[in-house]
Amino acid sequence: MRSFSPRALLGALALSVACQAAFAATTVTDIAGRQVQIPDQVEHVLLGEGRMLYAVALLEGQDPLKRIVGWQGELKTVDKQGYAAYQAKFPQIDTLPTIGKTSEASVNPEKVLDLHPDIAIFGVAGHGPGVNNPVVEQLHQAGVPVVFVDFRQHPMKNTVPSMRLLGQALHREAQAQAYIDWYERHLKRVQEVVAKVPEGQRPSVFIEMLAGYNKGGVACCHTAGKGNMGEFIQAAGGHNIAADLVPGPIGDINLEKLISADPRFYLTSGTRDQNSSDDGLKAGAGVTEAAARQSLQALVARPGISSLTAVREGRVHGVWHNFYNSPYNVLAIEAMAKWFYPEQMKDVDPAKSLAELQQFLPVNIQGTYAVDLKP
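Numbering that gives the first Met the number 0 numbers the first residue of the sequence shown as 0 and each following residue consecutively.
Quick caveat, the hints were computed from the structure, so don't treat them as lab data. Virtual Cβ for every residue (Gly too), placed ideally from N, Cα, C. A hint or two may mislead.
[Stated by the list, open to error] Label-pair ranges, simulated between beta-carbon atoms:
#	residue 1	residue 2	range
1	T76	H170	49 to 55 angstroms
2	Q357	S305	18 to 24 angstroms
3	A87	G142	36 to 42 angstroms
4	K100	Q358	31 to 37 angstroms
5	T287	P341	42 to 48 angstroms
6	P341	Q296	18 to 24 angstroms
7	K195	A87	25 to 31 angstroms
8	K345	S203	22 to 28 angstroms
9	A300	Q86	47 to 53 angstroms
10	D243	A87	43 to 49 angstroms
11	R188	K110	41 to 47 angstroms
12	K195	F359	53 to 59 angstroms
[As the list claims (entries may be wrong)] Calculated lysine-lysine pairs in the BS3-like style (CA-CA distance at most 27 angstroms, straight line):
#	residue 1	residue 2
13	K65	K75
14	K373	K351
15	K100	K75
16	K110	K156
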């Protein structure tokens, strides 16, 4: 029988453990609770939404589009200025195949399968294929694994796990962990302050999402309830009044209920670009603070909204709407926390955090992502 030295045995044991770890890492549990096998080689990636670029770009260095073979086509519509920032540096973005337009119903299964992805990354809900979409089973039958992430439904629970999943799916674990470390460090700074504020002393807050867009014919008020931006309000130490009125993450309440509740803070969200002539909050890449504030002033002049105590006393603020479906959401939480607790949050600086975020990104997204009614 051949004998082995202790050093050789230790080396063999270490190799065995490494191999087992590598094998175990090929199977993940996604946000939908599904077991998914990750291919050893991932060169062709299908994204269920264009806005997933926000997360993918954090991991892919200076070539964020290299492995994307197709995606939903909503990005250039819902974030014109963000799309333009990538377009300026990566003009090939205009040639990426789209699997649909701006809704799950628009997704074309034939286009999806024709792209022959190595892996598909979808959101559990949103503008692209959801968990129960038939295309998920069609991809499975074609041998293409589908990983579900979530930055939209329950972002406070799922942002970090989703970033970790993306790191595993794209074999960018180190890059994912670097962002997670940054994200958690910023979130912890807010949470340490908020934890000391009793529930009964937290200010009442309402956020009107896409104010002025007249979404679905509803003049007011599209909002977040138990989930989505409602979770940002809670994480920042506010009491989201819509959580008691809207059963799901997103929904609508009528203007009369808002006036009756008369929250201490009125917030709104929007994505209009710097040169837009449409109603709605101007926010995002390339938007100046002056333009954002002017658009916010127009929104609070609307009948009913102008009667709110928060408006009369100046406790009105706006945030970039796409925080609602982005791993950058900690910037919204920092902004809200500073509005709710300006004295306790003196060390929190969302503008500085935005500048720090640039270290992870290949393009310049500087602009106005949060704005006050009063300077």
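Exercise for the section: Could you tell me which of the hints above the structure violates, numbers in ascending order? Expected result: 1, 2, 5, 7, 9, 12, 16
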